[in-house]
Every structure is written in C-alpha cells, then in structure tokens.
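Student: Protein chains in written order, with the UniProt record's numbering: chain E, 1 to 233; chain W, 1 to 233.
Be a bit skeptical, because a hint or two may be false.
Because identical chains share one entry, a pair is satisfied inside a single copy or across any pair of copies.
Once the Cα atoms are required to be at most 20 Å apart in a straight line, the calculated SDA-like pairs of lysine to any residue come out as [said to hold, decoys possible]: (1) Lys13 <-> Gly181; (2) Lys13 <-> Leu152; (3) Lys62 <-> Arg126; (4) Lys13 <-> Glu29; (5) Lys13 <-> Leu149; (6) Lys13 <-> Thr203; (7) Lys62 <-> Asn38; (8) Lys62 <-> Arg34; (9) Lys62 <-> Thr37; (10) Lys13 <-> Glu125.
No lab work stands behind these hints: they were computed from the structure.
Protein chains: 2
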Amino acid sequence: MTGAGRPRLSTKKRPGDTAREEILDASAELFTTRGFTNTSTRVIADAVGLRQASLYHHFATKDDILDALLSGTVDAPLAVAQRIRDSGADASTQMYALAYFDAGQLAASTWNLGALYLLPELRSERFETFRDHRYTLMSLYAAIASDTLDQLDSERRSGTEDLPFRLVETVVNARADRENGRRDPTADAAGIAEAALRVLGWTGDVTALHRSAETLLEAVVGIVEDRRSLHST
Amino acid sequence: MTGAGRPRLSTKKRPGDTAREEILDASAELFTTRGFTNTSTRVIADAVGLRQASLYHHFATKDDILDALLSGTVDAPLAVAQRIRDSGADASTQMYALAYFDAGQLAASTWNLGALYLLPELRSERFETFRDHRYTLMSLYAAIASDTLDQLDSERRSGTEDLPFRLVETVVNARADRENGRRDPTADAAGIAEAALRVLGWTGDVTALHRSAETLLEAVVGIVEDRRSLHST
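Put together the whole structure using the sequences plus the hints.
Tutor: Shown next as structure tokens:
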C-alpha cells in the first residue's frame, strides 16, 4: 500500500469539495441506509473512489467518521443555542428560535443522521465528547424551557423542560418513516417550534412569535435566509 | 445436531415461562445493548442455554425474533387504540387515554425495544407487516388527534395530527439517554399524555382529564391498575 499521498483512483464520485467531505457524505449514506455495523471502511473507500490507505489518511477508524458525522448534527445548534441564551430576548422567543433552527437543520440535512443516535456503539468512551455536547445542548434547551415556564407562570411538572428538545428530535423519526413509505403529513420546523411552546403551556399569537424569533435568529446568526427557504419548502 | 426436540442444555437462565419467552428476552437485551447486526443466533442460544438447533425450532431466523419483539411493542397499543376509538368517549379523553397507555407501556417494558425502530434492516419486505401495524397505529393516533382539533376548534396546521404519536415515541429516546448516564428529569406517561393534548391547542384541567381517561381505560381494558402503578413510580 503506498498510502496517504496517493492520487485519487478515479474522478469525483460524491458531493463535497474535498476528499474528507466526500468520505463523510458517502459514510452518511451508507450508515443510514445499510447500517453502521454493515458498512466497512473498504465499502466506504469504494464508494468514494479512494484506496483504503488514503481513507485512513483522513480518518484513522470508522468510529472517527461516525463521530465527525454526529458532532456535525450537534455543534451548529449548540453554538446557536448558546448565543440565543445570551441574547437577552424574552424566553418564549428564545425557545421558539432554538427549536425552529434545530428542527430546520435536522430536516434539511442530506442524510438523516439523527437515526444513528440510538446506536449501542455510541455508549462507548470513544463517543463521550459527542455525548457531552449533545447533553449540553439538551441542558440549554431545558434552561430556556424553564425560563419560559417562569415567564408564562405555568404549573411546573417534573420533566416538562425536557419536552421541547424531545419534540425537535422527532423530526428524525418523521423523516425515517417518510423514507420508509409513509405518506401522511408531518410537522415542519415551524410546526415543531410552535408545539415546543405549547407543551410549556404557551398560548398566543404564533405569527408574532415566529416573526420575533426570525429577528432573533437574524441577530444571532446570518442564517435567516436559509431558514426561510427551508420553511417555504 | 439432533435438533428441535432436544432437552435444554442447562437450567433456566432468563426470565420467561417458556423457552420462546426466554429467547425473546435474551434477544431483546442483546439487540438493544450490543446491536442487532452484532448479535448472532449462536450468541442468543448461548445466553438462553439452548443449542442453536433448538433455537431454530422456535424461530427460523434472527429476523423472525426481531419481528416478534417489535410486533410486541405495537400490537397491544393498536388493540387499545381501536377500542378507544370505538368507545364514543369525547375526543380529548380518547387522545389522553391512548397516549397515557402507550407511553406507559414503552416506559415499562423490560428492554427499550423502540430503539430498534430506526434500524435500516426494517426497510426490507420481511418487516412489511410490522410496518403496516405501526402505520395503522399512527393513523389511529392521527384520527383521534383530528377529532380533538375539531372538538377544540383549534386552527389546523398541516402535520399537527402527527405530533401526539411522535411525543409518545420520545419515551424511547429519553430512556436511551437515561441508560447512557443522563440524569435530568424526563416526562412520565402522564406528562407525555398532557403534552400530547397541549400540542393540539388544548388548555384545561388536567386532573379531570386524567381521571376521565383512567375511567375510559378501565372500560376498554382491565389495565388501569397497571397504569396506576406505572404512574406512581
């Protein structure tokens, strides 16, 4: 094996600007459609048109690929959640904005990577950093939910703060069922965000809340155009 | 191999009154903790203390075991949902009762089998019957949700009817995270049922709704005592 520096065997087979991105895209497809255990690094290398040795130059193990993919689903919402929490906006606007952003990115990703969250393999120490980041995101959701309950003066029931995060992750299950042939309508990102507020006892004008959340997202990240185009599809 | 009729190799190793139940229990543990692909029928046979040939007498393939386990998570709520729908009770009581029953059984099962719902293996024709039953259950949820929206005169947003079912399935994710070391509180079956109503725009006295749902479940199935003990844990 001549290894890392070797030129590509063939022309570009996958979306992505770099070999690393192509490897991630091919792995995401294979892991979500054939399963993580059923996919070898050899099959991934073949799908990208790389020698296995070149693949190992980018990722030493298959676990490293999985970690990069899963971290990609959590790191953007985590950064956005932290900025939203520091924004000083009112709690219900923060809650809607976070759920709307996160449900939108889970719905719009090329592959339904959230379907891998329940893999038993993720219990190993190798994935501790990913788990920590995901639990930090959950805690930010819970903190914003708790502030929203205070703002609404809703009755507190143990575990209610966990529900907005859980609702957002249902995008993953709805996508999986759609890919599996189910045709009934499912909630879009705005529908999920509205539901995240309702489970906290919120009732009110969702049009006004949606607008203030878009303004907040615009201030927090330059992504409102992406959100809008997502929402309109 | 002398096959099917052969006596057990050892004394009983697993919970269950019959060899079939012990095979199902061991498989549920192995599939949810080590993964479906990572578990061979040989490992299952060893865990139960059976020869592989005897295992094949009960289940011809590993897929048959998975199908029996998954069907077990859907068939009881499906039967209950059909009786609830035919009960003539008011829609919000039906909705609460179904979500409460179903979230309770997902939370109380020995193994977190719902974590297997997103396996790519389930897309094959072998699991068409299971998928059909699960989609029928989803449709019953959606029909009861739609009646509840009518009753509440809530504004209709596409996909809202899908949310009560999705909320109930989040019990699976909350369990998986707890088994993975997360300590924050999560909603119990009653909290999930209340949230299932709130996403439909319901606001009101949850104590009265809980009581009428228990009465309905008592009429529909002789399981209210189980529900109560579930709720109190």
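Student: Hints first: check each against the structure and report whether it holds.
Tutor: Verification of the hints:
Taking the closest pair of Cα atoms, Lys13 and Gly181 never come within 20 Å of each other, the shortest separation being 28 Å inside a single copy and 40 Å across copies. Taking the closest pair of Cα atoms, Lys13 and Leu152 never come within 20 Å of each other, the shortest separation being 52 Å inside a single copy and 53 Å across copies. When the C-alpha separation of Lys62 and Arg126 is checked against a cutoff of 20 Å, the pair qualifies only within one copy, where the shortest distance is 11 Å, while the shortest distance between copies is 29 Å. Taking identical chains as interchangeable, the C-alpha atoms of Lys13 and Glu29 lie at most 20 Å apart only when both belong to the same chain, with a minimum of 13 Å there against 40 Å between chains.
For a Cα distance limit of 20 Å, the shortest separation of Lys13 from Leu149 qualifies neither inside one copy, at 50 Å, nor across copies, at 48 Å. Proximity of Lys13 and Thr203 under a CA criterion of 20 Å is satisfied in neither setting, with 50 Å inside one chain copy and 53 Å between copies. In this assembly of identical chains, Lys62 and Asn38 lie within 20 Å of each other by CA distance both inside one copy and across copies; the values are 12 Å within and 15 Å between. For the homomeric pair Lys62 and Arg34, the shortest alpha-carbon distances inside one copy (14 Å) and between copies (17 Å) are both at most 20 Å.
In the homo-oligomer, the alpha carbons of Lys62 and Thr37 lie at most 20 Å apart both inside one protomer (10 Å) and across protomers (16 Å), since each shortest distance falls under that limit. Proximity of Lys13 to Glu125 under the C-alpha cut-off of 20 Å is found in neither arrangement, the shortest distances being 33 Å within a copy and 30 Å between copies.
Checked against the numbered hints above, the structure violates hints 1, 2, 5, 6, 10; every other hint is satisfied.
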